[in-house]
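Chain residues, written in single-letter form:
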Amino acid sequence: DVKVTQSSRYLVKRTGEKVFLECVQDMDHENMFWYRQDPGLGLRLIYFSYDVKMKEKGDIPEGYSVSREKKERFSLILESASTNQTSMYLCASSGGQGNTIYFGEGSWLTVV
Amino acid sequence: SQQGEEDPQALSIQEGENATMNCSYKTSINNLQWYRQNSGRGLVHLILIRSNEREKHSGRLRVTLDTSKKSSSLLITASRAADTASYFCATPGGTSYGKLTFGQGTILTVHP
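Protein sequences appear in the order of chains R and A. So for the first sequence, my numbering puts the first residue at -11; every next one is plus one. So for the second sequence, my numbering puts the first residue at 246; every next one is plus one.
Just so you know, the hints here were simulated from the structure itself, not pulled from any lab data. Treat each hint with caution, since some may be false.
Some, not all, of what chain R presents toward chain A, calculated at C-beta under 10 Å [unchecked claim]: (1) Leu33; (2) Met76; (3) Leu78; (4) Ala80; (5) Glu93.
Where a beta carbon is used, it is the ideal one built from N, C-alpha and C, also for glycine.
From just these sequences and the hints, can you work out the full model?
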């Protein structure tokens, strides 16, 4: 079974802190994604990566950056957390176009 | 940007009844996927239907696709309380990297 593991399930951070959300997949997938999910807004794509060290902006990249140094790992970075980044963050991976996307369990981030 | 839009936003039924959720999308697609999300968890892939297919079955799930109307429906037959979840349709995001765009979802509640 494909496993996408997000390192933190619940985090509480202060405004202005630097936040790292880590994600690891075990299926040698080329593509990895970070989504954010908010009530009434659905899932919105923040960034995605199609290869090591390659990344592209999604629909809402402002305030975020990403890192993909190894194929299995995709990190989401909030350089200076703000309260409007309080949300559920979902990491996902897939093997290519049209393929199923596999999601992690989500990370609930609260910025106070 | 939203591609798929689900209807209704919320659906409440009794155990044993059928549940039908609809999804409309805007641009031409080569496949459409349905996902399920239990409260507070990640999304799980249910079924993929390709643009040259009109109907597909998986257990108690039946998915239809009408490319002329740019719409899809998900039918869950003989629903159970354990089917209570949010259901999302997802369409390709326009690149070759497996990116998906999700609708806002239908919240299904099945009462025992």
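Tested hints:
1. Leu33: 7 Å, holds
2. Met76: Where the cut-off is 10 Å and the nearest Cβ of chain A is about 8 Å from Met76(R), the hint holds.
3. Leu78: 6 Å, holds
4. Ala80: Ala80(R) check passes; min Cβ-Cβ to chain A is 8 Å, inside 10 Å.
5. Glu93: At 5 Å from the nearest chain A Cβ, Glu93(R) passes the 10 Å test, so the hint holds.
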